[in-house]
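S.K.: Heads up: the protein sequence lines correspond to chains S and D, in order. Everything in the first sequence is counted per the working numbering, starting at 1 for the first residue and increasing by one. Everything in the second sequence is counted per the working numbering, starting at 1 for the first residue and increasing by one.
Worth flagging that the hints you see were computed from the coordinates, not collected in a lab.
Where chain D lies over chain S, by a calculated footprint (3+ residues, C-beta under 8 Å):
hint, segment
1, 40-49
2, 98-109
Heads up, simulated BS3-like pairs for lysine-lysine below, C-alpha to C-alpha not over 25 Å straight-line:
hint, chain 1, residue 1, chain 2, residue 2
3, S, 93, S, 57
4, S, 109, S, 57
5, S, 93, S, 70
6, S, 93, D, 57
7, S, 56, S, 93
8, S, 70, D, 57
Quick reminder that beta carbons are idealized off the backbone N, C-alpha and C, glycines included.
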Amino acid sequence: TQLLEQSPQFLSIQEGENLTVYCNSSSVFSSLQWYRQEPGEGPVLLVTVVTGGEVKKLKRLTFQFGDARKDSSLHITAAQPGDTGLYLCAGFKNNNDMRFGAGTRLTVKP
Amino acid sequence: KAGVTQTPRYLIKTRGQQVTLSCSPISGHRSVSWYQQTPGQGLQFLFEYFSETQRNKGNFPGRFSGRQFSNSRSEMNVSTLELGDSALYLCASSLGLAGSFYEQYFGPGTRLTVT
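Chain D with its partners taken away, still in its complex shape (with noise of 0.2 Å):
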């Protein structure tokens, strides 16, 4: 069975540009969740989709936001970059929502540096 693949795997962007990054979550997952990862906040999570609604969301400012998919292919958007947005931001899908004791498994991340 294929793992979770997240697409772009590096990206460098400039301050002010917007980014969207993509998941592709194991096949007959239908949750998906986003989390930032950095050396100096350690993995913060951004919000959760199920179903294609968003069920859970963490402590983000708007500029970030998310989506899914009726395959539930899931996509994650920030706009208006800033240089502490970057980032390794990973993804996490799941049978069930995060926390109902169904296992997460993520992908390898994308790697957003924001000069």
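Just chain S, with the same shape it has in the complex (with noise of 0.2 Å):
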């Protein structure tokens, strides 16, 4: 059983339309971060979130900590073929205790 469920496991969409994927877990997290991966690399960070109800943007991504800090979802306007890939949510339980949801694995289609 994971810790972080990542949802959904897969997505497939057109270019220009947007997305939310979700990592939810039942445990609090001090922070968590969001990272995406591509074929044949390792996982590139995104971003980390720290407080309960944050919201960060980095140009059409944005990224919400959940009040609880619980939950996290990462939303895409108008994706692009470059969104393609592997978007990983790592939670801290502490400041030595990381976990990694499975992933979602987006594809976009031109």
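Using the hints, put the two chains back together into the complex; each one sits in its own frame.
M.R.: Pasting the structure below:
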């Protein structure tokens, strides 16, 4: 059983569409990170959220940390083929306990 | 600045053998963490080394071990390989201990296939 559940597991959309992926847990996290991993490469950090209710924007990507710090979402506006990849969330339960979700595999078709 | 490098990139071994994977962190980074990534289990933490000392360890059997050298380079060893050890092994380096809000930079991984 994953401590962090990501949904959906797979998502295939057309270029220009909007999408939201989720990262949920029954545990409270001190902070949460989102990564994107492309084939043949390691994950690359996109954002770190720390405060409950925090919203961070990175160009067309919007990240939100739940008020109770148990969940997070990633919203992409007007998706592009370059957004294709595996999106991973990772939560810190305390300073040294980091857990990853299994990821959402996103495909954006031109 | 050069990124995290891992060698080899691909490896095929048979059951019962042992394997050693290598990771060179970004210059100046003192922390190296190792992860196992499989389609079924996702990314799972193996262990973290900082200043040549293992600081954190995940829930893996003793067949998985590692070490870090004085130049921060790290090696991971898996003995008595099992089919289930087939995975992408990723290492990540950071300035400080992972979780201390130091960004982790991942290498491209070593894909290990056990036959």
